[in-house]
Amino acid sequence: MAFSLRLLESRRFITLVLLGALAWSAYNINWSEPIVHSGGGSSLVTLVKSLFTPELSPSFLKLALEATWVTIAYAVAGISIAVPIGLSLGLVASGVLTKPGAQRRVVMVATRLFLAVIRSIHELVWALLFVAALGLSPMAGILALGITYGGILGRIYADIINDVPDAPLKALRSSGASEWKVLLYGRLPLALSDMLSYTFYRFECAVRAAAVLGFVGLGGLGLEIQLSLDDLFFDEVWTLLYFLVGIIILVDLWSSALRKRLVS
Amino acid sequence: MNAGRNGHGPIYCLEGISKSYPDVVALAPLSLEIRREERVAIVGPSGSGKTTLLHMLGGVIQPDQGRVVIDGRNMASMASGREKAGLVGMIHQQFDLVPRLSVLHNVLAGRLGYWSLWRSLISLISPQERHLATEALRKAGIEDKISQRTSRLSGGEQQRVAIARLLVQDSQVILADEPVASLDPTRSEDIVRLIREIAEESGKTLVASLHSVPLVRAHFTRVIGLRKGTLAFDLPVTQVTDDILTELYDLEGNRDGVLSPAS
Numbered sequence: 002m003a004f005s006l007r008l009l010e011s012r013r014f015i016t017l018v019l020l021g022a023l024a025w026s027a028y029n030i031n032w033s034e035p036i037v038h039s040g041g042g043s044s045l046v047t048l049v050k051s052l053f054t055p056e057l058s059p060s061f062l063k064l065a066l067e068a069t070w071v072t073i074a075y076a077v078a079g080i081s082i083a084v085p086i087g088l089s090l091g092l093v094a095s096g097v098l099t100k101p102g103a104q105r106r107v108v109m110v111a112t113r114l115f116l117a118v119i120r121s122i123h124e125l126v127w128a129l130l131f132v133a134a135l136g137l138s139p140m141a142g143i144l145a146l147g148i149t150y151g152g153i154l155g156r157i158y159a160d161i162i163n164d165v166p167d168a169p170l171k172a173l174r175s176s177g178a179s180e181w182k183v184l185l186y187g188r189l190p191l192a193l194s195d196m197l198s199y200t201f202y203r204f205e206c207a208v209r210a211a212a213v214l215g216f217v218g219l220g221g222l223g224l225e226i227q228l229s230l231d232d233l234f235f236d237e238v239w240t241l242l243y244f245l246v247g248i249i250i251l252v253d254l255w256s257s258a259l260r261k262r263l264v265s
Numbered sequence: 281m282n283a284g285r286n287g288h289g290p291i292y293c294l295e296g297i298s299k300s301y302p303d304v305v306a307l308a309p310l311s312l313e314i315r316r317e318e319r320v321a322i323v324g325p326s327g328s329g330k331t332t333l334l335h336m337l338g339g340v341i342q343p344d345q346g347r348v349v350i351d352g353r354n355m356a357s358m359a360s361g362r363e364k365a366g367l368v369g370m371i372h373q374q375f376d377l378v379p380r381l382s383v384l385h386n387v388l389a390g391r392l393g394y395w396s397l398w399r400s401l402i403s404l405i406s407p408q409e410r411h412l413a414t415e416a417l418r419k420a421g422i423e424d425k426i427s428q429r430t431s432r433l434s435g436g437e438q439q440r441v442a443i444a445r446l447l448v449q450d451s452q453v454i455l456a457d458e459p460v461a462s463l464d465p466t467r468s469e470d471i472v473r474l475i476r477e478i479a480e481e482s483g484k485t486l487v488a489s490l491h492s493v494p495l496v497r498a499h500f501t502r503v504i505g506l507r508k509g510t511l512a513f514d515l516p517v518t519q520v521t522d523d524i525l526t527e528l529y530d531l532e533g534n535r536d537g538v539l540s541p542a543s
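Going line by line, the protein sequences match chains W and Z. Heads up: take any position in the first sequence, counting from 1, add 1, and you land on this note's numbering. Heads up: take any position in the second sequence, counting from 1, add 280, and you land on this note's numbering.
It cannot be assumed that every hint is accurate.
Stated by the list, open to error - DEER-style ranges, computed between Cβ atoms: (1) Z:A308 x W:E10: 37 to 43 angstroms; (2) Z:T510 x W:E10: 41 to 47 angstroms; (3) Z:P516 x W:R262: 51 to 57 angstroms; (4) Z:R429 x W:D232: 36 to 42 angstroms; (5) W:A133 x Z:R432: 52 to 58 angstroms; (6) W:L193 x Z:E477: 50 to 56 angstroms; (7) W:A111 x Z:R429: 37 to 43 angstroms.
To be verified - Taking lysine-lysine and the DSBU-like style, the derived pairs with C-alpha atoms no more than 35 angstroms apart in a straight line are: (8) W:K261 x W:K63; (9) W:K100 x Z:K508; (10) W:K50 x W:K100; (11) W:K261 x Z:K419; (12) W:K171 x W:K261; (13) W:K171 x Z:K508; (14) W:K50 x W:K63; (15) W:K171 x Z:K419.
Since the hints were derived computationally from the structure, they do not count as laboratory data. All C-beta atoms, glycine included, are put in the ideal place defined by N, C-alpha and C.
Construct all of the structure, not just a fragment, from the sequences and the given hints.
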C-alpha cells in the first residue's frame, strides 16, 4: 500500500498523466470552428469599460458590504471547522504518536485515504449535497467548506509534522519525554510557523470559495455577483469583485503581520 | 572514587557490545567498566565509533549484541521516562534545542521525564518548577536570558542552555557528544570547564567525546581511544602520551586534521 502511494506521488508518473491529459484534450478539440466566440467582442468591451466605472451609489455599497460580511463569516466559520478536523486527522495520519509497525501503517494509510476522499470532492459539490440535505441554510455552506478544507489541512499538517528536524526530538526523548511530550515540546513548536502560514493561505482560498458558494444560492458576494450578471450590470459586478479583492489583500496583510510577530 | 550517590559498584558495565550498520561495523565487541564519578574522554578519528558508543551508553540505540548495564540494570529492558531520565542525560554537538521556544521552556524540557503529560502541557502556559530552571541558568551563567527566544542566542549561549537543561534533569551520568565541536577555542574551554564543574560538584559521572587534546588533559581522568570501532587504548589521563595519540590518529591516514597540538 505504501509502495503504491509512492508510485502515485512520483514525479515521473504525475508528469505522464498530465501530458496524457493535455494530448487527449488537444485531440478532442474541434479545430474547424473558431476558438473565440465572434459575437462576444462587444460585451467584452462593455465588461472592460465598466471596470473603470464601478457602481458606487451608497445603497449598493451598503449591499456589497453586507454581502462581503456574509462571505467572510462563511470563510471564518468554515476554517474554524477545518482546523480541528485537520489537526486531529493530520496527527493520526502523521503516525507520530503510535509505535512503528503494521498497525501504524494501516492507520496512517486509512487516514490519508479518508483525507484524500473528503478533499477530492469540491466544496461546491459538498455544498450542493448539503443544500439537498439541509436546505438553503448557512450550515450547508459552512460544512462544505469545513470538510473540504479539513481534508486539505489534515494532509499538509501531517507532512509538516513529519518533516520537522529530528535532532531536537531525539534530545527530548533522551531526557525521558514520551512521544506526546515530544509533540508538545518539539514537533508542534517546530512546525507551528509553517502550519500557521499554510492555514492563512487556505483561509484566503476559503474566502474565494465562500464567495463562489453564493452561486449555489447561499448568499454573500457570489449570490450578488450572479444577480448583477443576470441583469448585465457589469459595473455592479466590478464593485463586488473589488470588495472580494479587498478581503484577500486584508487577509494577506493580517497573516504576514502575524507571521512576522511569531518569527521574530 | 568508588562510592556513588545511590549505589555501589561501577555505574556502567559494558558486556561485549557491538553494532553494525549495513556497510560498516560501527563498534566491534567492546567490554569495559566505568566507575562512578569518573570523567572519561573518548577520543579517536572521525568514524571510529565514538558517537555510536555514546548513543548506546545513553540508551538511544541498542547494541546488536551484548548489553549495557547501568547502575546494575540492563539498559535495554528499562522503560524510558522517569527512571532513565534520572540515570542518563545527554548533550550534543548541535545543542538540539527547539529554537522557537523560550530559553525557560527549553531548560524545563529536562523535567519532561519526571512530569505527567498534563503537567507538561500546563507548564507551557504556566511554567512549572521555575526555580529549578532559574538556578540551572544561574549556574550555566546565562540567567539573564531566561525569557528570550532560544533562536536569538549565540552558539555558546545555546550550549549553556543545553547544559542547564541537563542540570534540571539531574541525571547521575552526563554524556556529551562533541559538546564543543562548533565553538571557538576560548568558548570551548569555558563550556568544558562548566560541564566538568557540574559533574564534580554533584558527584556525577561524565563521559564525553572530544577532539581537543588540551581539553582532555585538563578536565578528564581517563581516556579511551577508539579506532575503526575497536578499543585502541584505555588509560588514566596521566599515562596518555603524545605518541599514543599521534599513533591513534595517524595510523588511519586520518585526513580531517582535527587533532589539536598538545599543550
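Original post:
Failing hints, ascending?
Top reply: Violated hints (numbers, rising): 4, 6, 10; every other hint is consistent with the structure.
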